[in-house]
Amino acid sequence: MYRKDILDKDLSARIKDMELDEKQTPPQSKCTCANKHNEESVNEYDMKEEATQIQTAYPAPKKEPWYKKLNGVPLNTRPASPYTLNPPIDSDGLSWPSPGARERLESTKEESEGREKRIAEAVKTILAELGEDPNREGLLETPERYARAMLFFTKGYEENIKDVVKRAVFEEDHDEMVIVKDIEIYSLCEHHLVPFFGKCHIAYIPNKKVLGLSKLARLAEMYARRFQVQERLTKQIAIALSELLQPRGVAVVIEATHMCMVSRGVQKTGAVTSTSCMLGCFRSQQKTREEFLTLLGRK
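Just so we're aligned, residue 0 is where the sequence shown starts under numbering that gives the first Met the number 0, counting upward by one.
Treat each hint with caution, since some may be false.
Claimed, not checked - Subject to a maximum C-alpha distance of 20 Å in a straight line, what follows is the list of computed EDC-like cross-link-like pairs (lysine to aspartate or glutamate):
#, residue 1, residue 2
1, Lys154, Glu220
2, Lys108, Glu143
3, Lys123, Glu136
4, Lys161, Glu109
5, Lys180, Glu289
6, Lys208, Glu175
7, Lys165, Glu220
8, Lys214, Glu157
9, Lys214, Glu170
10, Lys116, Asp89
11, Lys208, Glu157
12, Lys123, Glu170
Source of the hints: derived by calculation from the structure; they are not laboratory data.
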């Protein structure tokens, strides 16, 4: 027999053996593969469930907003001004008083003189530190004059709103806008202790009560004679008037020149700052707001 025939015979035998093995192999192998696949699916589900439990027990930290990551921003480093967060009028009639306002108001003549002397001594120290001679003729009485001036500039803390308004609230069947324009105001910027001054415009729509016109100017004067910022001054006048009369709406606009911008810093002499506060129907009704601004000549 040729070698080729032997190889063909051997190859045929091997092929038959392989076919027999395939026929004898039970379908159990397929089940095994399926079982293995099922086991893998169960394990994968268990792992996912375990991961979910871990995430629930130990949640990932929430991302902070971008503005909280800023360093040195006043909004995030200093508390908000508390004045207008408190009721506008205390039980004794003081309106947003400073911490020492009642002590200053109730002090005797001797205590008031002592306060004035302490302020004057502090001014002498400032003059000396600035390189001046507090004892020269032109500055000899300046500390005392400055002390009296500062007490006058801040007298608004001591004023009682009941004494300012007195009996000037009247019942009146009037439901149209009342405006007092161009009320002159003088105040002190609390950031630099230099003046800012300008005009205040006050409007309200009565709800069966009106206020004597001069009292609107006195109200603006009371809040201006304090250490202020223009934004707060505007809001305080509006909130206090709303509390006194309970009107349908209040609007206050202030236009002022700040010496801290004019005489120092950027030194922009023509800069005028405008602020407004709208309450009630002035805020909710655009037509009412537009009428007010038109009457002011701002439209």
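Do the hints match the structure? See the list:
The hinted pair formed by lysine 154 and glutamate 220 meets the criterion: a straight-line CA distance of about 10 Å does not exceed 20 Å. Distance check on the hinted pair: lysine 108 and glutamate 143 sit about 16 Å apart at the alpha-carbon level, within 20 Å; holds. Simply put, lysine 123 and glutamate 136 have alpha-carbon atoms about 14 Å apart, close enough for the 20 Å limit, and the pair holds. Our distance criterion of 20 Å between C-alpha atoms is broken by lysine 161 and glutamate 109, whose separation comes to about 27 Å.
This hinted pair checks out: lysine 180 and glutamate 289 have alpha carbons roughly 16 Å apart, not beyond 20 Å. Of the pairs offered as hints, the one joining lysine 208 and glutamate 175 holds, with about 12 Å between alpha carbons and a cut-off of 20 Å not exceeded. A threshold of 20 Å between alpha carbons decides the hint, and for lysine 165 with glutamate 220 the separation of about 15 Å falls inside it, so the pair holds. Taking the CA atoms of lysine 214 and glutamate 157, the gap is about 17 Å. The hint holds against a cut of 20 Å.
Annotation: proposed proximity of lysine 214 to glutamate 170 holds, straight-line Cα distance about 15 Å (limit 20 Å). At most 20 Å may separate the alpha-carbon atoms for a hinted pair to count; lysine 116 and aspartate 89 exceed this at roughly 30 Å. Distance restraint check for lysine 208 and glutamate 157: the Cα-Cα separation of roughly 27 Å exceeds the 20 Å cut-off, and the hinted pair is therefore not satisfied. Between lysine 123 and glutamate 170, the direct Cα distance comes to roughly 53 Å. Violation of the 20 Å bound is thereby established for this hinted pair.
Hint compliance for this structure: hints 4, 10, 11 and 12 are broken, all remaining hints hold.
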